[in-house]
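J.: If you read the protein sequences in the order shown, they are chains A and E. Each residue of the first sequence is one higher than the one before, starting from 1 at the first, in the numbering used here. Each residue of the second sequence is one higher than the one before, starting from 1 at the first, in the numbering used here.
Please note that a few of the clues may not be correct.
Quick list of in silico lysine to any residue cross-link-like pairs, SDA-like style, CA-CA up to 25 Å [unchecked claim]: (1) LYS165(E) with GLY319(A); (2) LYS165(E) with ASP265(A); (3) LYS332(A) with GLY161(E); (4) LYS165(E) with VAL125(A); (5) LYS165(E) with ALA111(E); (6) LYS150(E) with ARG115(E); (7) LYS165(E) with SER254(A); (8) LYS150(E) with ALA325(A); (9) LYS165(E) with LEU117(A); (10) LYS150(E) with GLY326(A); (11) LYS332(A) with ALA126(A); (12) LYS332(A) with ARG115(E); (13) LYS165(E) with PHE252(A); (14) LYS165(E) with LEU267(A); (15) LYS150(E) with TYR257(A); (16) LYS165(E) with THR178(A); (17) LYS165(E) with PHE330(A); (18) LYS332(A) with ARG119(E); (19) LYS332(A) with GLY176(E); (20) LYS165(E) with ALA266(A); (21) LYS165(E) with TRP136(A); (22) LYS150(E) with GLY255(A); (23) LYS165(E) with LEU128(A); (24) LYS150(E) with LEU264(A).
Treat the hints as calculated values from the structure; they're not laboratory data.
Residues per chain are reported as follows:
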Amino acid sequence: MGRFDRHGWLILLAGAALGLAGVMLAAWGNPENSGICVSCFIENSAGALGLHGNERMQYLRPELVGFLLGGTLSAALFREFRSRGGSAPLPRFVSGLFLIVGCAVFIGCPIKLVLRLTAGDWTAVAGLVGLVGGVWVGLRCLAAGVHFGSGRRQSGGSGLWLPALFLLFLGLLFWQPTFLALSASGSGAQHAPMLISLGVGLGLGGLAQRSRFCITGSLRDLLLMGRRAPLVWGLAAFFLVALVANLGTGQFHSGYYGQPGSHLDALWSGLGMLLVGWVSVLIGGCPFRQLIKAGEGDADAGLAVLGMFAGGALVQAWGLAATAAGVPLFGKVAVLCGLVFVLVSCLLFRERSST
Amino acid sequence: MIPGDRFDRVLVVLLLAVLLSLGGLLATQARSGAGAVTIDRNLERDLAARARLAFFEQTYAPVLSLQAAGNDQQALMKLEELGRRYPGEAHGDILRAASLLRLGALPEAVAAAVRAVRRNGDYVDRDSPFSQRPVIEQLVDEGLSSLAEKARLAPGNATLGEALKNVYYLQSRLAGGCE
Numbered sequence: 001m002g003r004f005d006r007h008g009w010l011i012l013l014a015g016a017a018l019g020l021a022g023v024m025l026a027a028w029g030n031p032e033n034s035g036i037c038v039s040c041f042i043e044n045s046a047g048a049l050g051l052h053g054n055e056r057m058q059y060l061r062p063e064l065v066g067f068l069l070g071g072t073l074s075a076a077l078f079r080e081f082r083s084r085g086g087s088a089p090l091p092r093f094v095s096g097l098f099l100i101v102g103c104a105v106f107i108g109c110p111i112k113l114v115l116r117l118t119a120g121d122w123t124a125v126a127g128l129v130g131l132v133g134g135v136w137v138g139l140r141c142l143a144a145g146v147h148f149g150s151g152r153r154q155s156g157g158s159g160l161w162l163p164a165l166f167l168l169f170l171g172l173l174f175w176q177p178t179f180l181a182l183s184a185s186g187s188g189a190q191h192a193p194m195l196i197s198l199g200v201g202l203g204l205g206g207l208a209q210r211s212r213f214c215i216t217g218s219l220r221d222l223l224l225m226g227r228r229a230p231l232v233w234g235l236a237a238f239f240l241v242a243l244v245a246n247l248g249t250g251q252f253h254s255g256y257y258g259q260p261g262s263h264l265d266a267l268w269s270g271l272g273m274l275l276v277g278w279v280s281v282l283i284g285g286c287p288f289r290q291l292i293k294a295g296e297g298d299a300d301a302g303l304a305v306l307g308m309f310a311g312g313a314l315v316q317a318w319g320l321a322a323t324a325a326g327v328p329l330f331g332k333v334a335v336l337c338g339l340v341f342v343l344v345s346c347l348l349f350r351e352r353s354s355t
Numbered sequence: 001m002i003p004g005d006r007f008d009r010v011l012v013v014l015l016l017a018v019l020l021s022l023g024g025l026l027a028t029q030a031r032s033g034a035g036a037v038t039i040d041r042n043l044e045r046d047l048a049a050r051a052r053l054a055f056f057e058q059t060y061a062p063v064l065s066l067q068a069a070g071n072d073q074q075a076l077m078k079l080e081e082l083g084r085r086y087p088g089e090a091h092g093d094i095l096r097a098a099s100l101l102r103l104g105a106l107p108e109a110v111a112a113a114v115r116a117v118r119r120n121g122d123y124v125d126r127d128s129p130f131s132q133r134p135v136i137e138q139l140v141d142e143g144l145s146s147l148a149e150k151a152r153l154a155p156g157n158a159t160l161g162e163a164l165k166n167v168y169y170l171q172s173r174l175a176g177g178c179e
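Could you build all of it, start to finish, from the sequences and the hints given here?
T.: If you want it as structure tokens, here you go:
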């Protein structure tokens, strides 16, 4: 394992904090096994903003606002805020949309995948296999020359607008205008106290910004570098702390059947997460990492975040999201469309050597 | 960004003027309460929920009376009649599930409960006025104890398999999660 440097310890801390917060937020009121789930939070927040009409999933999640603004505050404090972007903006927007499609079909983002596993939900194993497979395929694509391009430093403050939008969301959280929808029942009505959620979000956002922690990034590093990579140890810390916390709070229920927020369609869980892993590698991070990067001034990640909101609205408005009953037909169609999109993108964005 | 030439200063002044106007508009509208005349989805939704509850209590009152008196067969007939008038109504299905359970028709009771919960997730919520958790919990307990064993002994039986799948669905919904 070697000695960790300061950055390594920061990664361990970020992983451990994510694991603890993910479990405790569920204990404090968030939905079961969903103490932290970026995709579920985005679907809820899209509902609160009126982007879909599922009355059971409408709540502007303070954690989401905290993640991005925590990243902004940390980046500003350590002078790492840089307005950058301009590489493949629309493909990144569409990528964000399909990230949420993949998550919605699995019922959870990569963070929730780990939380479900550590709560004893064995249906999440299929998702894990898919996610690792997607990361592997994404790495193969990168090695073959597929590249969405790197964002360039930009003048004009383009990176400021996502943080500004989320500042508006922060204002809406406290102001609670009547046009903000609020579920009275269902998972949208299950939430930890607002200030706790916001505080946890800000803290995790800051830690994630400093540490660059990312679930799919950790898997990528595991496949590329094995145990040497610090991010891998961060993921391990996340897993272990979440497992212990679930056991300690009585939220560990081992089994395949009857798990909260899960279905038995293993194939589509795997395919949904395959899509998520693949897209995450190509655009440089999982949904959580896109939020953090957007907070740092990365306008390309900002577009991915906007795409995720569009995806969150669509999966609920069009009934694409999986439920405990399984994956609807159009959810399966959406995943396959996502795979078409990523395959076409790989073909179009591939830099071929002329020999 | 420090304003440079005259054009920049004009822009900054205009920006400040618009921001002040925005703040003033929000402040005055908040005081006058004019904003309350706009969308209040939450109020509309709560009113609709209460109206719905009152409608169910009135419409299904005969069914509930029959069930309370132990006349589940007649309750099912009454539900058939109401089902012709309100096809696809989830409340009829959840009440049907309760009667079928008492009559010992477990697979049919589970199927009716699944139809109801898929249309209206409020039936599994603890705090909802529509909550039917006790019935659903009983269905799951009995389903797991009897159907699971029967399905294990007859793995090729599609009907039992489907019934067990329905029990697992209800079990998952009772466990909670994002739905």
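J.: Now, for every hint given, state plainly whether the structure supports it.
T.: Against the structure, the hints come out as follows:
Of the pairs offered as hints, the one joining LYS165(E) and GLY319(A) holds, with about 21 Å between alpha carbons and a cut-off of 25 Å not exceeded. A distance of roughly 12 Å separates the Cα atoms of LYS165(E) and ASP265(A); the hinted pair therefore holds under the 25 Å criterion. Distance hint between LYS332(A) and GLY161(E) is fulfilled; the C-alpha atoms sit about 23 Å from each other, no more than 25 Å. Taking the CA atoms of LYS165(E) and VAL125(A), the gap is near 19 Å; set against the 25 Å cutoff, the hint holds.
A threshold of 25 Å between alpha carbons decides the hint, and for LYS165(E) with ALA111(E) the separation of about 10 Å falls inside it, so the pair holds. For the suggested pair LYS150(E) and ARG115(E), the alpha carbons sit about 23 Å apart, so the restraint of at most 25 Å is met. Of the supplied pair hints, the one linking LYS165(E) and SER254(A) holds, its CA atoms being roughly 18 Å apart against a limit of 25 Å. A hinted pair counts as satisfied when its Cα atoms are at most 25 Å apart, and LYS150(E) with ALA325(A) qualifies at roughly 22 Å.
Of the supplied pair hints, the one linking LYS165(E) and LEU117(A) holds, its CA atoms being roughly 22 Å apart against a limit of 25 Å. Between LYS150(E) and GLY326(A) the alpha-carbon distance is near 23 Å, which keeps this suggested pair within the 25 Å criterion. With a C-alpha separation of about 16 Å, the suggested pairing of LYS332(A) with ALA126(A) holds against the 25 Å cut-off. Proximity of LYS332(A) to ARG115(E) is assessed by CA-CA distance (about 22 Å); at most 25 Å being required, the pair is judged to hold.
Distance restraint check for LYS165(E) and PHE252(A): the Cα-Cα separation of roughly 22 Å lies within the 25 Å cut-off, and the hinted pair is therefore satisfied. The hinted pair formed by LYS165(E) and LEU267(A) meets the criterion: a straight-line CA distance of about 17 Å does not exceed 25 Å. About 17 Å separates the Cα atoms of LYS150(E) and TYR257(A), which keeps this hinted pair within 25 Å; it holds. With a C-alpha separation of about 41 Å, the suggested pairing of LYS165(E) with THR178(A) is violated against the 25 Å cut-off.
Taking the CA atoms of LYS165(E) and PHE330(A), the gap is about 21 Å. The hint holds against a cut of 25 Å. Annotation: proposed proximity of LYS332(A) to ARG119(E) holds, straight-line Cα distance about 21 Å (limit 25 Å). Between LYS332(A) and GLY176(E) the alpha-carbon distance is near 23 Å, which keeps this suggested pair within the 25 Å criterion. Between LYS165(E) and ALA266(A) the CA atoms are separated by roughly 14 Å; this keeps the pair inside 25 Å, and the hint holds.
Annotation: proposed proximity of LYS165(E) to TRP136(A) is violated, straight-line Cα distance about 33 Å (limit 25 Å). A C-alpha spacing of about 20 Å is found between LYS150(E) and GLY255(A), which places the hinted pair at or below 25 Å, so the restraint holds. In summary, the hint linking LYS165(E) to LEU128(A) is supported, as the alpha carbons are separated by about 23 Å, within the 25 Å threshold. Annotation: proposed proximity of LYS150(E) to LEU264(A) holds, straight-line Cα distance about 20 Å (limit 25 Å).
In summary, the numbered hints that this structure violates are 16 and 21.
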